[in-house]
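Asks: These protein sequence lines map, in sequence, to chains A and B. Per our numbering, residue 773 is the first one in the first sequence, and the count goes up by one each step. Per our numbering, residue 5 is the first one in the second sequence, and the count goes up by one each step.
Treat the hints as calculated values from the structure; they're not laboratory data. Warning: the hint list may mix true and false statements.
DSBU-like cross-link-like pairs, simulated, lysine-lysine; straight-line CA separation at most 35 Å [what the hints assert, rightly or not]:
#1 A/K774 / B/K8
#2 A/K1029 / A/K984
#3 B/K130 / A/K803
#4 B/K130 / A/K811
#5 A/K812 / B/K164
#6 A/K893 / A/K803
#7 A/K1080 / A/K984
The structure displayed is predicted, hence computed values, not measured ones.
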Amino acid sequence: MKQLSVAHLLGIKYLTKEDINLIFETANHFKEVINRPIKKVPSLRDITIANLFFENSTRTKLSFELAEKRLSADIINFSASQSSVKKGETLIDTANNILSMKVDIIVMRHPSVGAGAFLSKHIDAKIINAGDGAHEHPTQALLDSYSIKEKLGAVKGKKIVIIGDILHSRVALSNIFALKLQGAEVKVCGPTTLIPKYISSLGVEVETNLKKALEWCDVANVLRVQHERMDIKYFPSIREYTQLFGINKRLLDSLGKEIVIMHPGPINRGVEITSDVADSNQSIILNQVENGVAIRMAVIYLLAQQIKP
Amino acid sequence: MAKKTLLNAKDIHIILHRLACQLIENHTDFSNTVLIGLQPRGIFLANRLIQILQKNYDISNIKLGQLDITFYRDDFRRREEPLEASDTDIDFIVEDKKVVFIDDVLYSGRSIRAALTAIQSFGRPKSIELLVLIDRRFSRHLPIQPDYKGRQVDVINSEKVIVSWQENDKKDAVYIISDN
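Work out the full structure, taking the sequences as your base and the hints as a guide.
Replies: Written out as structure tokens, the structure is:
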């Protein structure tokens, strides 16, 4: 019988290939569940989950919340903007206070790298990392790979290019780990200032010419330009970025093959991707969102399974 | 470990035909009836019954679905081994339909309890009946009884009843397995 090899979901780098397969198989079942007339199962009715968001989030938070509700868990929400963190409370204190209310699972987004790993060592609850700084965003990478598998039949052997701000992107890092683990070929493409120095140590090639990158790939995962994480200027202007690394319909049509377009959202329309591309048949952006709920249900269900009553 | 054959292929053949006839008695042309095989092992029995109803009794267009109850079980986190889900495949609405659950062995009744909850996700059935090949008498944890049963057996809790199907296990048979 199958179980995850980990006690928390802190990052893709801690997972095995078997873990990813198990999450995908479980997500298949939940995808069927969320397409029923009544989209809910009672599995987690005696589990309480706290969503701790120390950083803004719309999509991920909604997706986790919906996944938890579809599994019948009780949930409490917390966002740093309206909390005691502003009054100087430490992370452990905040979490311990919440745990005294008998919480079993914590879903956390935090601006600091390793916040989830830190918490998992000090607190008796399952931790799911919903993004820690520029480090990892494991559920996003899982749903991205799941969407690729759904669209192309497999991840193994496929060529994926991740385009944009690789330096600040936890989505990029988690995706690289997940794709390599499943046997895909990965390239990154973006302004050299936004490509980390160590990137080749992850077994990833760098391509600075967007057209060449697109001609090579089966799937282009387009990242958002994260203005909020850029304390200095990494490229001269948005306009220049768009001209060099923005994807538009004309560029796609010139490739002579149909590639799959992905984006983790939120989209800066007209910056990294034009509207006609984002809304085209080649784009699976909305499938990614739907799959996100199924993947998160699978992760929560599999971790909850390890909690003894 | 002792293995005793409770039913052989011929016994099962006769029982399946009887169960098919009993279903016809109550559901005539199956126009408002749907059969639901319970995953994982009820599917084989459901498929066999459909074959007999179509081939021997000329009833076509019977709606058949398969229901997985893993996420509805009451022993989640309470078992030594993790649960493994199977596919659910019900491509029709059960609203106002007569539903017949089909499973191989009825033991504690807990799976059926879970199935009763699970089926509600697909609408409100007019009625629900239960058909099982083997009814383990005196072992129920819940007030659940079958409407159609192949064979009733008295076995103690430490014994196992295993239904083997030709298409999956190479042979039609029902065994009782005991430790001593």
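Asks: Indicate, hint by hint, whether the structure satisfies it.
Replies: Here's how the hints hold up against the structure:
no.	hint	in the structure
1	A/K774 / B/K8	holds (31 Å)
2	A/K1029 / A/K984	holds (13 Å)
3	B/K130 / A/K803	holds (27 Å)
4	B/K130 / A/K811	holds (21 Å)
5	A/K812 / B/K164	holds (33 Å)
6	A/K893 / A/K803	holds (32 Å)
7	A/K1080 / A/K984	violated (52 Å)
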